[in-house]
Amino acid sequence: MAQPPARPRRRELAREWMTAVYPTAYVPLSPVEIERFLLDLVDVIADAVQAEPFTAAPIAEVGQRLVRNHFTGPETLQRTVEVLGRALLFTPELSDVPSLPEKVVAILGALSTGFATAMRLDAFDRQEEVKAALLAAKQRAERVLEVSEARFREVFTTSAFGIVVTDLDGVCVEANEALGEMVGVPFTELPGRRLVDLFHPADADALATRYHPTGVRRGERFREQRRLLRDDGEPVWVHLAVSLLHDADGAPAFHVTMVEDVSELHLLQKNLDHQLLHDSLTGLSNRQRFGSRLEAMHRKSHRGITLYHLDLDAFSVVNIGMGHAVGDRLLREVGRRLEVVVAGERALVARVAGDEFAIVVDNGPATPRVPEMVERINHALAEPMDCGTALSASIGVVDRPGADWDVDELLRAATATLHRAKAHGKRQWLPYDRHEDRRSRAWLARAARMPGALADAELEVEYRPVADFGSGRVHGRVARLRWDELGHGDCVELAEANGWSLVLGQWALREAAAAAAGWSAGVLHFVLSPMQSRDEDLVGTVMRVLDETALPGTGLRIHLDTRAMLAAGGDNAQVLRDNGIPIGLAGFNGGQAELSLLDELAADVVLLAPAAVRRLADRPGSLPHRAIGELVRSVREFGAAVCVPDLDTPALADWWREVGVDGAFGAFAGPAVPGYEL
Amino acid sequence: MESGCGVVERTSWVPAGVDTGLPSAARLYDYLLGGGHNFAADRALAERFLLAQPNARAIARLNRAFLRRAVLHLIDRGVRQFLDLGSGIPTVGNVHEIARRSAPDARVVYVDFEDVAVAHSRLLLEDDPLATILQEDMTDPTAVLGAARGTGLLDFDRPIGLLMVGVFHFVPPEDDPAGVVAAYRDAVVPGSGLALSQFTSDLQPAEMAGIVEVMKRSMNPMYPRTHAEITDLFAGFDVVEPGVVPLPLWRPEEGAPDTDDPARAGIFAGVGLKK
Ligand SMILES: C[S@@+](CC[C@H](N)C(=O)[O-])C[C@H]1O[C@@H](n2cnc3c(N)ncnc32)[C@H](O)[C@@H]1O
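As they're listed, the protein sequences go chains A and B. Heads up: the first sequence is residues 1 to 678, going by our numbering. Heads up: the second sequence is residues 1 to 275, going by our numbering.
Don't read these hints as lab results, they were simulated from the structure.
Each pair of labels, with its calculated beta carbon distance range:
hint	chain 1	residue 1	chain 2	residue 2	range
1	B	A183	A	G323	54 to 64 Å
2	A	F54	B	D261	36 to 46 Å
3	B	R217	A	M322	33 to 43 Å
4	B	A183	A	R36	41 to 51 Å
5	B	A147	A	R289	50 to 60 Å
6	A	A669	B	L51	49 to 59 Å
7	B	D261	A	E383	50 to 60 Å
8	A	G184	B	L51	21 to 31 Å
9	A	E536	B	D76	39 to 49 Å
10	B	G191	A	V575	47 to 57 Å
11	B	D128	A	P58	31 to 41 Å
12	A	A611	B	L249	55 to 65 Å
13	B	R217	A	G184	23 to 33 Å
14	B	D128	A	R194	41 to 51 Å
On a predicted model such as this, the values are computed, not experimentally measured, just so you know. Ideal placement from N, C-alpha and C gives every residue a C-beta, glycine not left out.
One chain only, chain B, in its complex shape (with noise of 0.2 Å):
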């Protein structure tokens, strides 16, 4: 229980809350986003963030909207249901949301390991048959797939769409990331999908090192990673065109005003099929 939280029994339902003394990526990027999401400490990190890459909103908003473009394109190759790993507090546009206006019986599994966001999900989706979240990190595999298949809302026999959207930046190389991969991509069919996107040094070097340097003071440190290096993380994967390529690149839809610069975009992105 925190100091100063007074009349303890009248408020037994008040126990030990998150930690708000730390910043974290999910609320960080809640705010970048413009939700309400977030402490007074995500707040001043994305302001540090921000003076590190100032595109750093626009690339949030590009990230999204990479998001809900794969997710369409894996619907019009038939997968059905999802696993999104790392799918941060619910905002704008989510999974099953953009799913569900061409699929209405699509299901999906959420995953992240950060409170706010589970806890927010877990609202959103406490009457929905169709979609859950998981609390796991997913660098955990065999956790995050044992309780998968626990929710008996996935079919393994059936191809899956693998979303790993602005996540795996978050996982350090010595956490075996192609591992990590391999592992979710062996435990699904062929057809499956997997979408990836990351934080790229190739694109702006110096705010990139700037971000990273900023993340040091959050409960996410950042890694990113060369465009060779993301491209080796489709191992087992045919990558669909343009390829593992900055947001905006990723088959752009019609009509899209080409405001965003892509080399300001810092993140690379792709989608592959497993074969």
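The shape of chain A in the complex, shown without the other chains (with noise of 0.2 Å):
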């Protein structure tokens, strides 16, 4: 099966993965049989990977192996990602395989998604184990009474769950300080409460029927994902694992229950597994979840649903403005506001993403009508938050849907309405209007095909001349991505839109550095987007396509994303800058916070805002057109080079010849080519 010619890759790949994983976690074997044991993973990911028809399920096991041989530490499987992306999106032996890029995501997720579930189970299946060691010398107590009860002590106070033991009434006899900390409550005041009243409301009853004695018989167990309510009122998400234990007689006696805080797992495997119901940071349901409710309500209502889809307006500036402790603590009260709003319906609230909510009522005879649903949330919204901001948002509406409409429908037509209604502004609201959808929804098809497209090679680079006006400062070429008729500014917005966007830049990158490695047209301008400069990887991108194309950095001019330095830290420009390699501004407006910025990282470049190039362009003699005159002159002063994009015209770029700025690029100075043309 496996070709002889790609085995000296795969062992290159596997030492490569041994080497950036073996500083992370203490595994007790040598260098060279962890090798072998990591090339046994890579065999298993490549035959998957080129397996026809391709699936990633044989991956899971990966993250499973890695996590039994303690393969474990913090960075462990970040580290296996990078590696393993990189490796696999440009090896050899790969690089015939069909839609390579969309596999490779599949295998990392599920990769990943198998490492956090074993995680948990491994940490969890421990804990039990010592606990049942222990409930069996217990059993054995009367004799070795002192022994057995200290080692019950130690799990007991050592644990990093939550243990609690309950008498047959449901009161707390005793509890460990790890309960303690997820509640909120000292645990030396914990005995002698009720244990369900630890819990959120919605919760109680349940448990209380689970808890009686006779629920649960010798010897068995339940396990359940229930919310504790923290002293606060925060709703914790935890595992419980509930064992009846019995007397020396063989009588029920006590319940003991193990309690795993799963809201903080979900935090230290953040960006690895979302498989989970909730959302742990409001204590909704999440949008997995969502969905199968969506579902389920659709299916049995009488009278119609009713589906909102909510974006929080401008709410990426509470989080940059005030910090995300306060942005966390505002998206917890909007959560709880909205099931204020719907408490007297069958609804179902949940976080759906980031600052994005959704709401399904089931309608009943007495719901309100939908404009006056949607004024009840804004009215919940408008109300002050503690730190005194007020938010408001955008709704997409989807009210009483066809019963043959299902839930992937339902979803994306409320989305799509609710991405129309944001076009409209802040506190906007809009029903789903069928022909206004098929819009939008052909450009949204289209940001899905992106993947495939790129791996079939419909995207193409192509380079635009940059005029040189006279400074002979900036010269050369910009790259810009086209795909059939879109043009680069499209492409980038479908690619941001579907989290493309990483992809892409290293692919384009790695194209136009080759191109440019063996041009004489000069200098390689490559203009990245928002989520590209804030790429933590986006250096070791950079130094890697130079080394491989063996183009000097002195031949790339790399412009990032203004307004991404300033949200994210100018850390990947100070690095490039440090590795020899000229940086630009693009999307510069020339407002203060940008001036410092300018100042801070002295870029060798300022690449204006396109926005603010039509605008100025349009008004001349205007201040703004003055104001314009002494930007450029101060920026120039200070070293920078000013450089205007997507100029159209001859006039156009005359007029800021005027203006005194070093260089432009756009339609004026001629057509973009592709490369095999310079």
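Take the two lone chains and join them into the complex the hints point to.
Quick look at the structure:
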């Protein structure tokens, strides 16, 4: 099966992998043994990539095997994904595999999920084993009473899991420190309280019956996922494992409950395991659970359901301006308020993405109509939060859809409607509109097709000349994307929207650098999207590409997105510069913060924002027009060149030349051409 | 009985527990290696430890890796039984597990004086006929050796591997460190081995001073030693190549990535064979 020529590369990959994870966790094996172990896994992965028909199913096993063999450090998975992601996309053995990027994404996803699940079960099962051993010891107890009690005490106090012992009336007899931490109450104050009172009201009843001594037969256990209620009212999602303990005569005596805080785990494995059903921050349902509940409600509804998809307006501003801690508090508060809004209804509120919420209401005879419901939502959000901010949301509404709609259809329609509502500004809502939907749907369908198109070489990189207005400091070509009739801006927008930006950026940079290494057309300008500018691996990617293509660093100008740098910090720009690669700031508007950033980074070039360029050209002689002259002068005096993008006509180019910029690109300077023509 | 534990008679399994207030080295080390047997106080100590020595996690990992290489080396030299002094909380790659991969009949007696380390070792070794744990103070060789003989697991007429890995920096000068090692040495036959690793100020004096300061507020204050002092502990042993060196330099295995800077490894390590 395995092709002989592929072996050395697979070995090399196993070695890279070993080198990356070796410092992240202690594994009691020699480096050679580790490499051999990882090579096995590489084989599984590489074979899966090439298998027809493709399935990522065998990969979950890879994650599990890593965990079983103690590759469990905090950074082990991340480094694994980095190494594999890079290697699989660019390894020659796999270069002919159709739809490679999608397969790689599927594979890394399956690996991460397998890993996260195994981590959880591993920790949990180990603790359960220990507990079981202790309880067994307890039953032999009377003879060696003190020893077994000491052992139980050890686990009880040292466990990272909450443990609580309750009597048959459900009253806490003893709880450990970890449980106290979870509920935010000193653990010494828990004895005497009823256990179910520590849970969310919605869970308390169900639990009360589960805890009935006849509910659990001898030796049996039950496991569930429930919400504890912190002292401050905040729900904490936990995993419970409950066993019934009998006394020496075999009569039921106590329940022992182990409690695992899954929301904390969630945070730890933030970008890995989104399979849990609930949003750890707000305690609301997450997208996955919302989907299945939505389906059930839709199926069973008599009067039809109404689906609301909300997006908080300008929430990123809050997050950046006041910090994530405040942002998180606000999100929790929003969740709570939305639950209040629909409190009298058969309804479910979910947090479906960062600042997006969804509500499904099963309409009853007294359910308010859509406009009134929207009014209530807006009203609830407009009430100032404890930090003084009032929020608003844009809302897409799908009201009483036909019975033949499936869940995906419903969710997609709500999202599309939300997007349209948002385009109208803040605090807007719209009902679903079939006609409008068709158009935007084409756009989204296009976005979804992008990964495939990239794999099938439908996307191209073209090069536009950058005109030098006389200073001699800017020249060369700028790389632009093209996909059939879609130009650079459209491609970037699509990629940012479908999350494909990083992969696309890496691919385009590699293409462009390879082309530039072989031409004499001057410097290669490469403009990064916001997401690409923030990529943590950006510097690594650029250095690798330079290395592989032998393009000298000075032959490249990387233009980073100004706003992304403001939001995420200028580290990427700084490090690129430190590595001898000239950098530019793209999308530059000349605001205060942007000028400080320029000052701090000492960027080599500034690329003005296309929107600003269009706006200014419209109104010669106006105040902005004069101001831009000042701006250009100061930036140039500071030592950075100023460049203008997307100029279509020679007249516009002349206008900017007058203003005094160093260079420009756009249709006026000649058409974009493919690399091989240069 | 601690206050607030409620209904006493019905929870007769709950006697006075370990003192969770004062952090311990065993639990600190467990935490640094990613284990789960530690209290809030230990984690707080670990955070201060990491401030003083940012490389602490790597040092813990390197120390554990040295333990493994040293055990395998002694097995290569024909040693089949080990006395592991200051063995810690059982975690990934315990001595009996490592030894048995190449010598299935290997016997191990663990010794630690810390409650949590001992409790967990007991659980782990409960049904293991070839390994056990003793709760003793390793600076009292008479007591340790007496109890070790009492287990019947070790044959003192054949070579024994003495492991003092990551523990000697807890032995204060007034406990006569040289005398402690000598007592163990005199109890074993020639061909027996000594693997020892301990913190030093020679490598990063400032960081080491910080660690000493941090550990003053734990159950285990620390006493770093110089290269010469550590080498002297091997009196009566032939130190095997490459001598007493920073952790990653002791017989690194083929293919090991050289990502760990020996100058930041904090600990000197060596192995000797009794003459
Ligand atoms: C850092 S751990 C080392 C564990 C293991 N030897 C290793 O290297 O992986 C040090 C252990 O030595 C124990 N210890 C310290 N002083 C001791 C003494 N005087 N007697 C017995 N154990 C001691 C501590 O309780 C702790 O568990």
